[in-house]
Amino acid sequence: MTQTLFNLLRPTKAGLYCPEGDFYIDPSRQVPRAIITHGHSDHARKGHKSVLATRPTLDFMAMRYGPNFAGSSQAIEEGEILKMGSVEVTLLPAGHMLGSVQVLVEGSGPSIIVSGDFKRSADPTCPPFDVHRCKIFVTEATFALPLYNFPSPSEEMDRLKTSLEIFSDRPHLICAYSIGKAQRVIALLREEGFNDPIYVHKAIANATPIYKAAGCNLGSLKILPDEFSDVHEFSGKVILSPPGGGTQALKAPITSFASGWMRIKSAARSRGGDLPLILSDHADWGELVGTIKDVGCETVWITHGREDVLAGHIEETLGVQALALKDLNQDKDLLEKAQ
Amino acid sequence: MKDLTDLLGHLVASRSPEDQVRLLVHFFQGSPIRQRPALAILLGKLPPNRVSVPVLKRALFSRIREELFDVSKPEATDLSETLALLWPGGHKTFEGVSLETILRTTPKMKREEHLFALLDISNAATRDLIIRISTGRFRPPISLNTLKNAFHLLCGHSHWDLDEAIASSETNIEPLTQWLFEDGDKPQSKTASHFFSIPPIIGIEKETSANERCEAMPLPAGDIGEWVISGGSSFWYTLDGEATKDVPSFPALRGSPEATLLALKPSNAAIPPVLIDVIAQNGEDLRGHSWAQRRDRLDGLVEDLAPGTFSLSDRLKPQTLAECEVLLRQNHCRQILSINKKGRLQQGARGYKVLKPGPQSFQFVVLYVEGSLSRQGTFDGLVTLGSISPSNPQSNFPDLVPVGQAAITHLDPGGHKRLEAFIADHTLERFGPVRKLSTAPEARLCALVQVRDIKTAPRRKAGLVLVNPKLIKFLDEPLDDPLSALPELNAFAAH
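Each protein sequence line maps, in turn, to chains A and B. Under my numbering, the first residue of the first sequence is numbered -6, with each subsequent residue one higher. Under my numbering, the first residue of the second sequence is numbered 5, with each subsequent residue one higher.
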């Protein structure tokens, strides 16, 4: 079984590689064939010979790297089954951001799901995480500490709305990643009935057409000018900008940073500004453990974060074999043991 | 703001005392009685430590694996926060639990059981607060001055008084928190209702003696605007200066089932008149009408009600708003209440001043500004305020007399320049403050100032002194009320 498993998917220095299908998933180096789970730069790199991803992900890559970000690219719908070599590949919604997917690889042996980045909480800009049963689940572990249990997005939006009510004469500057998080904040605000125009940094505005093309209505957006003639112009307005977006000229803004790291007070104090918003596009501890339970897997490979903590916890509480992908990649003994 | 933990989160993140004051005002202007424990916490009026950290840790480790604590503590670095975030239960499924809810829902328990039960039903932020309080690790995130400033502002439109609150806290607040965290063998007959029966620490009318005090405060149900009146063995309700033993039917008057009356006094205490005005009727905006016309409308409304329900005063029939205010002051009135467009009773509607025996707001002309830029690039300093003196018949423009100084902090440099420009433009002499205006006063040249009191001071040119002047804002909008004139201020001080 394990021999078959490593023919289906194996960790390499370039990333997860499927020998039977001859492709990599989210490779960190330039490869001949890559499947990209979503458009963030730590997963979607340029220079691959061929890229397979959802349409929004390809659009994000083209926006960031230019139209020649890869030798060739192919868009695939979520749920569509693609035969690659002797394996079948299906992309399932991951709920991380627009276009984000899990990669389901099925061959003659056990089925494997590579989750990429994912979350289970509400996000109006993308379909929710699709729970699909599998034998092996490859999960991220960004917030794999039991401290990280996030409040619901609507609670955080309530806090933002309260601040808008109290400081109605001040601009509210929300710092968020320009692709994914910023649009999610906008969409959540719209869901809460906030219909005023929202000012966005041009880095955020650049991604807006992709959201519009995907049918996501973000309401009235205005581009934040590079220079302000009247610092009072933005009083009472909501402004979204990536961190360090050159918004120092705003007059007495209420500053906010939207991130899961704001869960911890020390981080919130140092980076969260006046209104730290606990809003993450990654699964929190409860979602990570719950998802591993939901997919009913026998083995979990863990990457990106506190692998050791999550592995120890699920082995003890769920009885599921858990391995850190980096250990599997680097430690020959462990690799042999796993095989 | 949803609950105290929300407020604390905002306060901790907020770096500016001015912002903290605004947060406090917003929080406390909701339903004050519900927030009395919040006041105790913000004042640091908490009982001594009761639960040790090892006890909490043992309880936690009976719920989660100890290893998880060991790996989490270095990440959070703070012990209380780690315990709160790791404590299972309440994740995402519970709304923020207010202290009021806790008191109402938790039965009598022994100290630790009680605490653990609270933690089980609370969300992470509330758990953090409870753990800090119960282990003595809580530190108020604001200074007492910030809290006082917030209540100073609140006093402008409510009955609250922080000094009273602090003075009463020894007898009123501590039993609450002691009851929350006290040993199990201490008087456990106290129930949640005990908490609500404790006389409120806010809303005390200052003039009455201790055993005759009366209170007026919105209850938790006050969100709908209901004013509940209690105090003394029998109640008198007052309307427009007249008292009645019957409960007046305000819903009948306003056609609204949501709110009842407003004032209260023990029967043996002086009755504060309350002036009622109708500013809208059947969708018609009456604010353009004179007071006399509106009074006619009110008479018409009252006419149809059962005799004795309440009566309107023949004495208080002012013709103008200013006249109305003078009458109210002379009669020791507390407030003007209006019936708004929606037919609801409200305090201090637009264009109306809320009158208080404590802080008062006046509009003064800015005479002079002195100070310097702070390290943050904002302007800190003093504004010299002027009042209009009796006009010189030979002059077309008003003379100004300095009446006091108010501190300004964190004025932005743009605002400072604007003030400087005003002074330069309007100073007729070459140096010194503005003594005489060269044009009629404009709103932007005026400031709204709140004072605790105005006292006579014969040695001063103005003949009075402002007590605790606090600059609320520089006015940008047109003046609602006329500028405060010197005779009016002198009359106030003499009174």
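Treat the hints as calculated values from the structure; they're not laboratory data. Fair warning: there could be bad hints in the mix.
Unchecked claim - Cross-link-like lysine-lysine pairs, in silico, DSSO-like; alpha carbons within 30 Å at most:
1. A:Lys244 - B:Lys152
2. A:Lys258 - B:Lys474
3. B:Lys421 - A:Lys258
4. B:Lys477 - A:Lys244
5. A:Lys230 - B:Lys421
6. A:Lys244 - B:Lys474
7. B:Lys77 - A:Lys286
8. A:Lys230 - B:Lys477
9. A:Lys39 - A:Lys76
10. B:Lys152 - A:Lys319
11. A:Lys154 - B:Lys465
12. B:Lys61 - A:Lys154
Evaluation of the provided hints:
1. A:Lys244 - B:Lys152: Given that 30 Å is the threshold and the Cα spacing comes to 27 Å, the pair holds.
2. A:Lys258 - B:Lys474: violated, 34 Å
3. B:Lys421 - A:Lys258: Measuring from Cα to Cα gives roughly 39 Å; hence the hint is violated.
4. B:Lys477 - A:Lys244: holds, 17 Å
5. A:Lys230 - B:Lys421: holds, 25 Å
6. A:Lys244 - B:Lys474: Roughly 24 Å separates the two Cα atoms, so the pair holds.
7. B:Lys77 - A:Lys286: Holds. Lys77 of chain B to Lys286 of chain A sits at ~26 Å (cutoff 30 Å).
8. A:Lys230 - B:Lys477: holds, 21 Å
9. A:Lys39 - A:Lys76: holds, 24 Å
10. B:Lys152 - A:Lys319: Between Lys152 of chain B and Lys319 of chain A the Cα gap is close to 56 Å, so the pair fails against 30 Å, i.e. violated.
11. A:Lys154 - B:Lys465: violated, 49 Å
12. B:Lys61 - A:Lys154: violated, 36 Å
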